[in-house]
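Undergrad: Here are the chains, one letter per residue:
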Amino acid sequence: MKTPKSFEEGMERLNGVLAKMQSEETTLADSVKLYAEAAALMEYCRAALEKTSLQIEEIDAKLAQSAPDSGEED
Amino acid sequence: MAEVISVSALNRYVKMRLDADDVLFDLALRGEIANFVQNARSGHCYFTLRDDACSVKAVMFRSDAARLAFRPQEGMRVVVRCRATLYERDGAFQLYVNAMFPDGMGAAQLALEQLKEKLAKEGLFDPEHKKPLPAFPQCIGVVTSKTGAALQDIRNVIGRRWPAAKLLLCPVTVQGFEAAQQVADAIRRLDQRRDVDEIIVARGGGSREDLWVFNAEVIARAAFRCKKPLISAIGHEIDYTILDFVADQRAPTPSAAAELAVPDRAEQKRILLELQQNIRKNMQNRLDLCYNGLEQYNYVLEQHLPDRLLQKNAAALQQLQDSIRAQLREKETDASRQLQHAAVLADSLNPYRVLARGYAMMTTEKGKILSEGALQPEQTVYIRSASRRARCRVEAVEELNENT
Chain A
1 MKTPKSFEEG MERLNGVLAK MQSEETTLAD SVKLYAEAAA LMEYCRAALE
51 KTSLQIEEID AKLAQSAPDS GEED
Chain B
1 MAEVISVSAL NRYVKMRLDA DDVLFDLALR GEIANFVQNA RSGHCYFTLR
51 DDACSVKAVM FRSDAARLAF RPQEGMRVVV RCRATLYERD GAFQLYVNAM
101 FPDGMGAAQL ALEQLKEKLA KEGLFDPEHK KPLPAFPQCI GVVTSKTGAA
151 LQDIRNVIGR RWPAAKLLLC PVTVQGFEAA QQVADAIRRL DQRRDVDEII
201 VARGGGSRED LWVFNAEVIA RAAFRCKKPL ISAIGHEIDY TILDFVADQR
251 APTPSAAAEL AVPDRAEQKR ILLELQQNIR KNMQNRLDLC YNGLEQYNYV
301 LEQHLPDRLL QKNAAALQQL QDSIRAQLRE KETDASRQLQ HAAVLADSLN
351 PYRVLARGYA MMTTEKGKIL SEGALQPEQT VYIRSASRRA RCRVEAVEEL
401 NENT
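Residue numbers (the working numbering), protein chains in the order written: chain A, 1 to 74; chain B, 1 to 404.
Be aware that one or more of the hints could be misleading.
A few chain A residues facing chain B, derived, Cβ under 10 Å [stated by the list, open to error]:
no. : residue
1   : M1
2   : P4
3   : F7
4   : G10
5   : M21
6   : L41
7   : M42
8   : A48
9   : I56
Quick caveat, the hints were computed from the structure, so don't treat them as lab data.
Even glycine gets a Cβ: it sits at the ideal position worked out from N, Cα and C.
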């Protein structure tokens, strides 16, 4: 499977894979291939989200450090 | 013949006589100004005060002139407070003026209204010329007295609200007729500086006359030409000066002007915090949305969609297999039933069973059944019964006639 460039691309491809899997015309052999592809895409998307989530946490932590603490006044 | 005296003695004598006069010592005098000049170096003012018939020389020293709220002009009718005496050196009779007022505030007010009307007609007060104040100024030009309370007030407010802003003071005298030109020049100078973001023109209170200078046309024109946003803060609440009309914003006091000029740090902190929280929430929502979207796919996938296809196929396969097996079994049963039938039938046809019932058959020596047509006299045949056989010799062959 070609690795998607982005989360959005991954989701779009997942959508496509799902549609194909749901089609009556898909053979069993093909559906297994699609299943494998879906799992890989899913893995990619989940990892992308985890990475984003981690980045957000990092930024939040940085923000918390430099946050204007509203209490202090001189 | 009288005593001969010197010019100096005469002048001294006359001056003494004049100074001894209480009326001349403190006069209020009405007249029209003529030949007004101010000595550039000393700052003293010299002019003539006259009426229809007479005139008198007058001087106003710098310290007194500094308190003038208007610029004396040729032909202006004024009332002066003065002492009349002799200038000894020149033997000149002259007035020492310590205060000067326009003759009747009514006339001054009229002039003001006329000026206001003129400037309004020219569009100096038009709202479309009003410039918005910068949201976050870095440098604020201040036109005010170096020593006045106005500067201190502005400093305090900006120090508290927005300490990041730099103040650039262009000091001016805010009273006296020189003030107008100085203020106008100060506005122009600050306007030319690239680092100045906005300008405050301030005067910390005073009488109506004290503030009169801010009605000057030069200030109004300088303020109008000024490309930077300008806030007027001439310390009085009720009356508006012409500068107030031209300024982009008018503040009742220097402190109020400073508040207009800069944002409030605490408020900005709060806004920033709110913004930050909104952004965070937004980011989190977005992420959650993505997770949900993915979770849906995951759900469908976990429903074992291909598995179901597999199961469906497997079931079909099983069914097929079952039916094949069933058919096979049926065929097998059929065959075995037929076999049994055949066996029974075969058994029933067994000739040996007939022999057992007491019949015998005729064979050759080798056990082959002999047909009756083959019988010959003198022939050796074998008679076979169930468990024995007998060798026999045919004596004769006779034809049987059953019908007989």
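Undergrad: Which of the numbered hints above does this structure break?
TA: Hints 1 and 2 not satisfied by this model.
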